[in-house]
Amino acid sequence: MATLILAPLATIGRSVMRLLTGVGRVSIYAGATVSHLFRPPFYPREFLIQLMQIGFLSLPVVGLTALFTGGALALQIYSGGARFNAEAVVPSIVAIGMVRELGPVLGGLMVAGRVAAAIAAEIGTMKVTEQIDALVTLSTNPLKYLTLPRVLAATLSLPLLVAIGDSIGIFGGYLVGTTRLGFNAANYIQNTVDFLEAWDVISGMIKGAVFGFIVAIMGCYHGMNSGKGAAGVGRATTNAVVSSSILILASNYILTEVFFSA
Amino acid sequence: MITLSDVHKSFGPKQVLRGVNLEVPKGESMVIIGGSGTGKSVLLKSVLGLVRHDSGMILLDGEDVTRAARDPFLARFGMLFQGAALFDSLPVWQNVAFRLMRGHLKRPKSEAREIAIEKLRRVGLKPDVADLYPSELSGGMQKRVGLARAIAAEPEIIFFDEPTTGLDPIMSGVIDDLIREIVVEMGATAMTITHDMSSVRAIADKIAMLHDGVIQWTGPAADMDSADDPYLRQFITGSADGPIEAVR
Ligand SMILES: Nc1ncnc2c1ncn2[C@@H]1O[C@H](COP(=O)(O)OP(=O)(O)O)[C@@H](O)[C@H]1O
Ligand SMILES: [Mg+2]
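First to last, the sequence lines map onto chains A and B.
Heads up: the first sequence at position 141 corresponds to 140 in numbering that gives the first Met the number 0, and the numbers run straight through without jumps.
Heads up: the second sequence at position 83 corresponds to 82 in numbering that gives the first Met the number 0, and the numbers run straight through without jumps.
It is worth saying that the hints were derived from the structure and are not from the lab.
Take the hints with a grain of salt, since some may be wrong.
[To be verified] Derived pair list, reagent style DSS-like, types lysine-lysine, alpha-carbon separation capped at 25 Å:
no., chain 1, residue 1, chain 2, residue 2
1, B, 108, A, 143
2, B, 105, A, 143
3, A, 227, B, 13
The model shown is predicted, which means the values in this text are computed figures rather than measured ones.
From just these sequences and the hints, can you work out the full model?
Here it is in structure tokens:
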């Protein structure tokens, strides 16, 4: 009888312990990475390559996501707004919704799928083929050579990706608004500009930086701790995408509380 | 001089090293033999600190390797990994010249490339492989690039993990000669893992046989054939019958 009650409790306890251990390990890993930021040697070439891989090559994905989201948002707000004769708010709500929430969150999630997976697979493969060990024997710290360039590139390029995504998303709303919903082009733009504040945009870009950091850290962490063989790398890749997506959504809530509540 | 005393290492419940004692004097070529999965690679990695041993001491020139400052310590070593472990994002020559392009050994790119091509030649590879990527090479060629990378910065201690596995007999001979040359000419200390008895004879000053987590037999290469240790005998003759179980 006692085991009937205790067994589920023990299972929950174990899961919680595992979760906390994981959080602790990731935090230590992230701290160690950041601590290398100002300590030479630096690897600028690796950084530039990652800027290209993570930032530039994510543009199409982030851009397309934003375009369609902006368009759908315009349709929704128009039909929702029609219920209390507030169709005119479409331009400003599309803009605010895009730059504060959907731009950073959807951009972050798309990058999590693309970049966290790629990083975890690459570093995981390096781990299981002993390339990480080889780096160490060649007097090169993997944290400096592999992790830091990726984390830095992602943290710096995500805000820019978010800004570009915001613009494309607003443009998507504009296209739908002017062609399907009968808005006047000049009015639409005027409405967008009038109601958007600098802080709306900046807060979204700060979110982007945090999400970029999360994506790269989770990709590197899971890659470095990859299990053996192809199966191990596969699991590391899945874990990197799932954990970074959840962390993005959770930290988005916390950041929104911090930025906009009261 | 590398000294291992009573080194233990387990992975979970699996005891791999159970009290290894071994001395590798400076400038000598030690060959480690033993069945697959007996922990030979783990032994080399423990010396380098890539694997943390659970107990016992590993000393390099009297200094505990776990306490040594990492950078100067690792700068003394070169290692060829069992699977070559080439960086697949870099072309062959940059793999070989990796140490020569960063850190305190950093030199101009053209010079690093020249040295890399010279090292490639020493392991029997033509200059035209320099610009290929590791994935474009056969396993045996990758192994030789790994060897070139291990010796590129002319380290004083070199570990070779199965340098001739996957090579044809002629190329094996070339690599055996090269390892011998490195020890004799550069005065390097070498630890080589191999299954190939002709390699053992070609490169060993001393031999150590690892079995069941301990050094079962060790001695000068010249004594190998007259030794009457049944484990060693079985290994040399490659017999399925003997104290070493064929099913592990
Ligand atoms: N990182 C590791 N994690 C768990 N087990 C390991 C690890 N490295 C080696 N082992 C185990 O240790 C044993 C010895 O491995 P190894 O040293 O590679 O053998 P070999 O003598 O063939 O080189 C094997 O059973 C292997 O599975
Ligand atoms: Mg091995």
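Here's how the hints hold up against the structure:
1. 108(B) - 143(A): 21 Å, holds
2. 105(B) - 143(A): The hint holds at about 17 Å.
3. 227(A) - 13(B): Holds - the C-alpha atoms of residue 13(B) and residue 227(A) are around 16 Å apart, at most 25 Å.
Consistency note: the structure conflicts with none of the earlier hints.
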